[in-house]
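Chemist: Sequence:
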Amino acid sequence: MPNEIPFDVAFNFVPRAKRPEKPRSFGLTEIRAPYYASFGTRHLQDVFDVAHNWVDGIKWAGGSFALVPPEQVRAFSDIAHENNAYVSSGGWIETVLRYGDDAVDHYLKEAKEVGFDVIEISTGFIMLPTSGLQRLVEKVTKAGLKAKPELGIQIGSGGDSGEAELAAETKKDVGDLIDRGKAALEAGASIIMIESEGITENVTEWNTGAAASIINGLGLENVMFEAADGPVFEWYIKNYGNEVNLFVDHSQILQLEGLRQNIWGNKSTWGRVINPA
-2 MPNEIPFDVA FNFVPRAKRP EKPRSFGLTE IRAPYYASFG TRHLQDVFDV
48 AHNWVDGIKW AGGSFALVPP EQVRAFSDIA HENNAYVSSG GWIETVLRYG
98 DDAVDHYLKE AKEVGFDVIE ISTGFIMLPT SGLQRLVEKV TKAGLKAKPE
148 LGIQIGSGGD SGEAELAAET KKDVGDLIDR GKAALEAGAS IIMIESEGIT
198 ENVTEWNTGA AASIINGLGL ENVMFEAADG PVFEWYIKNY GNEVNLFVDH
248 SQILQLEGLR QNIWGNKSTW GRVINPA
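Residues -2 to 274 in my numbering are what the sequence shown spells out, letter by letter.
There could be a bad hint or two in this list.
[Stated by the list, open to error] List time: in silico BS3-like cross-link candidates among lysine-lysine, alpha-carbon distance up to 25 angstroms:
no., residue 1, residue 2
1, Lys136, Lys179
2, Lys19, Lys109
3, Lys106, Lys136
4, Lys143, Lys109
5, Lys136, Lys168
6, Lys136, Lys109
7, Lys179, Lys169
8, Lys106, Lys143
[To be verified] Cβ pair distances, simulated, as ranges:
no., residue 1, residue 2, range
9, Trp203, Gln42, 33 to 41 angstroms
10, Ser22, Pro66, 29 to 37 angstroms
11, Ser210, Asp43, 38 to 46 angstroms
12, Phe10, Asp99, 54 to 62 angstroms
13, Val200, Gly262, 19 to 27 angstroms
14, Thr38, Glu107, 16 to 24 angstroms
15, Thr266, Glu110, 40 to 48 angstroms
16, Tyr96, Ala34, 26 to 34 angstroms
17, Thr201, Asp5, 26 to 34 angstroms
18, Ala63, Thr201, 42 to 50 angstroms
19, Asn263, Phe4, 22 to 30 angstroms
Keep in mind the hints are simulated off the structure, nothing from the lab. For glycine and all other residues, C-beta sits at the position ideal for the given N, C-alpha and C.
Could you build all of it, start to finish, from the sequences and the hints given here?
Modeler: Following this line, the structure appears as structure tokens:
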């Protein structure tokens, strides 16, 4: 059985499930930049030294970059780019939108200056019509950046709200998410980020039907799922194979990649993740 991993890794004589080289268009792994864990460029460089083959992009969550000196933000971007990885803003545009179009233009200008490649357009806390989402996608792409709308079924998602708070807000229809996602892709979005809250996070029972509907409605290659919990990303790999696009914490890269390549697992995934040439 030939090895389908064209990478310089130890013990490469052991066959693995097929993984394409970077830049990849599927099977993407995006990791969280400093937010829940504060770390600097030396730590990020260590992460890439060990796992650069398996990191496709980094994401600054929660507007954390707005708390860091600009030269440090730029240094993070430089390290990512040196390792053929993109840099995403996270969904902080929700904050910027409150201050008008000029603030958005300034935000996009500075995002380019510090080396961002992708602007995530989150809508968990704001009531943004589909037409407005499309105009934002067009504005971002016109500025020379990639647009990644973040869509979800839970009102109030994307922050630090508790399960009870979110349950009181109720959920949105998954069909609406799919329609908004299609409209965003038609407007030029590069991919759609799917918010985990209401599906696998802050719920009493996972809404796996919603995940299936989203994949069927938008296409596996057009969506990325938040999955920063081991059982969650294992479930996605187990059910949709190693070409599913996932966002995880930077501490989980090798655990996730081990599942993608079929070199480790538990009783429900051991030896079952297959992707032939």
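Chemist: For every hint, state whether the structure bears it out.
Modeler: Verification of the hints:
Of the supplied pair hints, the one linking Lys136 and Lys179 holds, its CA atoms being roughly 17 angstroms apart against a limit of 25 angstroms. A hinted pair counts as satisfied when its Cα atoms are at most 25 angstroms apart, and Lys19 with Lys109 qualifies at roughly 22 angstroms. Proposed proximity of Lys106 and Lys136 is supported: the alpha carbons are some 11 angstroms apart, at most 25 angstroms. The hinted pair formed by Lys143 and Lys109 meets the criterion: a straight-line CA distance of about 11 angstroms does not exceed 25 angstroms.
Note on Lys136 and Lys168: the hinted pairing is violated, with a Cα-Cα distance of about 29 angstroms set against a maximum of 25 angstroms. Proposed proximity of Lys136 and Lys109 is supported: the alpha carbons are some 13 angstroms apart, at most 25 angstroms. The hinted pair formed by Lys179 and Lys169 meets the criterion: a straight-line CA distance of about 16 angstroms does not exceed 25 angstroms. The suggested pairing of Lys106 with Lys143 holds, with an alpha-carbon distance near 13 angstroms, which does not exceed 25 angstroms.
With their beta carbons about 36 angstroms apart, Trp203 and Gln42 fall inside the hinted range of 33 to 41 angstroms. The hinted window of 29 to 37 angstroms between Ser22 and Pro66 holds, with their beta carbons roughly 34 angstroms apart. Against the hinted window of 38 to 46 angstroms, the Cβ-Cβ separation of Ser210 and Asp43 comes to about 39 angstroms, which satisfies the hint. Judged by the Cβ atoms, the range 54 to 62 angstroms given for Phe10 and Asp99 holds: they are separated by roughly 58 angstroms.
The hinted range of 19 to 27 angstroms is satisfied by Val200 and Gly262, whose Cβ atoms lie roughly 25 angstroms apart. Between Thr38 and Glu107, the C-beta spacing of about 19 angstroms keeps the proposed range 16 to 24 angstroms intact. Our hint of 40 to 48 angstroms for Thr266 and Glu110 holds, since their Cβ atoms are close to 43 angstroms apart. Between Tyr96 and Ala34 the Cβ separation comes to about 29 angstroms, which falls inside the hinted range of 26 to 34 angstroms.
Separated by about 45 angstroms at the C-beta atoms, Thr201 and Asp5 break the suggested range of 26 to 34 angstroms. Distance hint for Ala63 and Thr201: a CB-CB separation of about 34 angstroms, inconsistent with the stated range 42 to 50 angstroms. In this structure the hint that Asn263 and Phe4 lie 22 to 30 angstroms apart at CB holds, the actual value being about 24 angstroms.
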